[in-house]
Amino acid sequence: MNIILADDDADDRTLFEEAIDEIEIKTKLSLFNDGKALMDYLLLPNCMLPEIIFLDLNMPIKDGLQCLTEIRENETLRNVCVAIYSTSSSEEDIEETFVKGANIYINKPNSFKALKKAVERVLKLNWQYHTSTLNRDNFLLRL
Amino acid sequence: MILNIKVNYMLICRTVLKEQLDALDVDYSIKSLGEIEFKKKPSEAQFLKLTEAFEKYGIELLEDSQNGLVQLIKEAIAHLLNNVEDVRKYNISTYLTEELKYSYSYLSTLFSEATHSSIENFIILKKIDLAKHMIIHKNLTLTEIAYSLNYSSVAHLSAQFKKTTGLTPSTFQRIIKKRKEREVMP
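Just so you know, the sequences run in chain order A and B.
Read in my numbering, the first sequence has 98 at position 98, and its numbers run on one by one without any break.
Here my numbering runs 1000 ahead of the position in the second sequence, where the first position is 1.
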């Protein structure tokens, strides 16, 4: 499974990478430091589209919400599963990202164990959506 | 205007399979949807013809019979959940055993190994998926939805909805409604 994380915090990227390494589902992870680098990559003509994009909300140059909006407006990227990965836990923020087209909202967990569990749950659920007749339009998950 | 239709997917599939297999002129029997038995092994040419014919309908020949069985389990669950009377009448494990002619413990182990998830979890996921559909498209109350998916109470349905999606049914409904208003594609 191909997945992407865009996050400007180096520690958060490292933790995420370690969590991915430890779970049982085989995964190839690509990392980006900001929203612009992510979008430039996704818009490359031969880009291998990932199954899930994990997006931090607060990033320099181009923030997560902007990326989300661009992804949902783009014909080829539109159907990729987007998971917001953020420290904000304001109900309004969360609802707004869902309305703008996010599938998943993860509050950055405060322990490595919780992070691993969250990532594992997201990958498994996305796999079910991929292989079963579940309606992707209604795929919303808040962790 | 919007016209609502009810579709019998099983019947459609069976009809398509029958039409295409009849055209092939071989001796076969459809054991269940997703499992076809040939009296004699079809030739390479016949296989090729069948693959092409099925492709148009999104039907794939699976090499691996175990993978096929997992799909069958999923389809049987979907079929059962779509039928209110049957959902209330059958226990899922009995239903799967009767439909697929394998013991529940075999099906259950196979399913878990292939999908990283248990049959029970899949059923919950599927039920909540149907509940979402009913909330959005059918304007049903939670009481009606709980009844048609065989939940013992509205509280049970709401709790399972919250546990599965992290959202309450009303928050979910609000989000989808706002998306539609702003024409956001998910």
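Hints were generated in silico from the structure; no laboratory data involved.
Treat the hints with care, as some may be off.
As the list claims (entries may be wrong) - Straight-line Cα separation of at most 20 Å, SDA-like style, residue types lysine to any residue; simulated pairs:
| no. | chain 1 | residue 1 | chain 2 | residue 2 |
| --- | --- | --- | --- | --- |
| 1 | A | 116 | B | 1164 |
| 2 | B | 1178 | A | 116 |
| 3 | A | 117 | A | 47 |
| 4 | B | 1162 | A | 109 |
Here is what the structure says about each hint:
no.: 1; hint: 116/A x 1164/B; verdict: holds (18 Å)
no.: 2; hint: 1178/B x 116/A; verdict: violated (32 Å)
no.: 3; hint: 117/A x 47/A; verdict: violated (29 Å)
no.: 4; hint: 1162/B x 109/A; verdict: holds (19 Å)
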